[in-house]
Amino acid sequence: AQTPLTQMAEQMGAMHSIHLTSDVTHLLVGDTNSDKYKFVARERNDVVAMDPEWIEAVRHSWTQGEDIDIQALEKQFRLATLHGLKICITGFSDRELTGFHN
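Residue numbers (our numbering): 481 to 582.
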């Protein structure tokens with residue numbers, strides 16, 4: 481199904497796929513709890529997980545006629561490695577290491 485984001489991407493020359501095939505280079509992540517995101521995080525270090533706002537940022541530069549710095553925009557909108565995770569750390573007896581104090 482076409483969405484505004486996929487339409488924007490295709491207008492700028494990207495190829496859109498709903499399937500995570502071997503030629504996919506970027507995954508737009510709306511939810512880190514999705515099977516595709518989990519698979520990419522575990523198995524596909526060749527695929528870059530991106531915030532969907534990346535497409536809009538690239539399109540904004542493109543429509544303004546600016547030179548598009550794809551690498552800078554990719555770095556800005558790439559999801560951090562632990563994005564969306566809640567982490568609990570236990571078993572530390574040295575409070576100085578954890579940053580927790582009374």
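Calculated from the structure, these hints are not laboratory results. One or more of the hints may lead you astray.
Dumping the calculated DSS-like pairs for lysine-lysine here, alpha-carbon to alpha-carbon at most 30 Å [claimed, not checked]:
1. Lys555 with Lys566
2. Lys555 with Lys518
3. Lys555 with Lys516
4. Lys518 with Lys566
5. Lys516 with Lys566
Label-pair ranges, simulated between beta-carbon atoms [unchecked claim]:
6. Gly545 with Asn513: 23 to 29 Å
7. Cys568 with Lys518: 18 to 24 Å
8. Met492 with Cys568: 20 to 26 Å
9. Trp542 with Asn513: 20 to 26 Å
Since the model is a prediction, treat every value here as computed from it, not as a measurement. All C-beta atoms, glycine included, are put in the ideal place defined by N, C-alpha and C.
Status of the hints after comparison with the structure:
1. Lys555 with Lys566: Holds, at roughly 23 Å.
2. Lys555 with Lys518: 20 Å, holds
3. Lys555 with Lys516: It holds: about 21 Å lies between the C-alpha atoms, which stays within 30 Å.
4. Lys518 with Lys566: 15 Å, holds
5. Lys516 with Lys566: The hint holds at about 19 Å.
6. Gly545 with Asn513: 23 to 29 Å: About 38 Å separates the Cβ atoms of Gly545 and Asn513, which means 23 to 29 Å is violated.
7. Cys568 with Lys518: 18 to 24 Å: 19 Å, holds
8. Met492 with Cys568: 20 to 26 Å: Violated: the Cβ-Cβ distance is about 41 Å, outside 20 to 26 Å.
9. Trp542 with Asn513: 20 to 26 Å: With a Cβ separation near 31 Å, Trp542 and Asn513 fall outside 20 to 26 Å, so the hint is violated.
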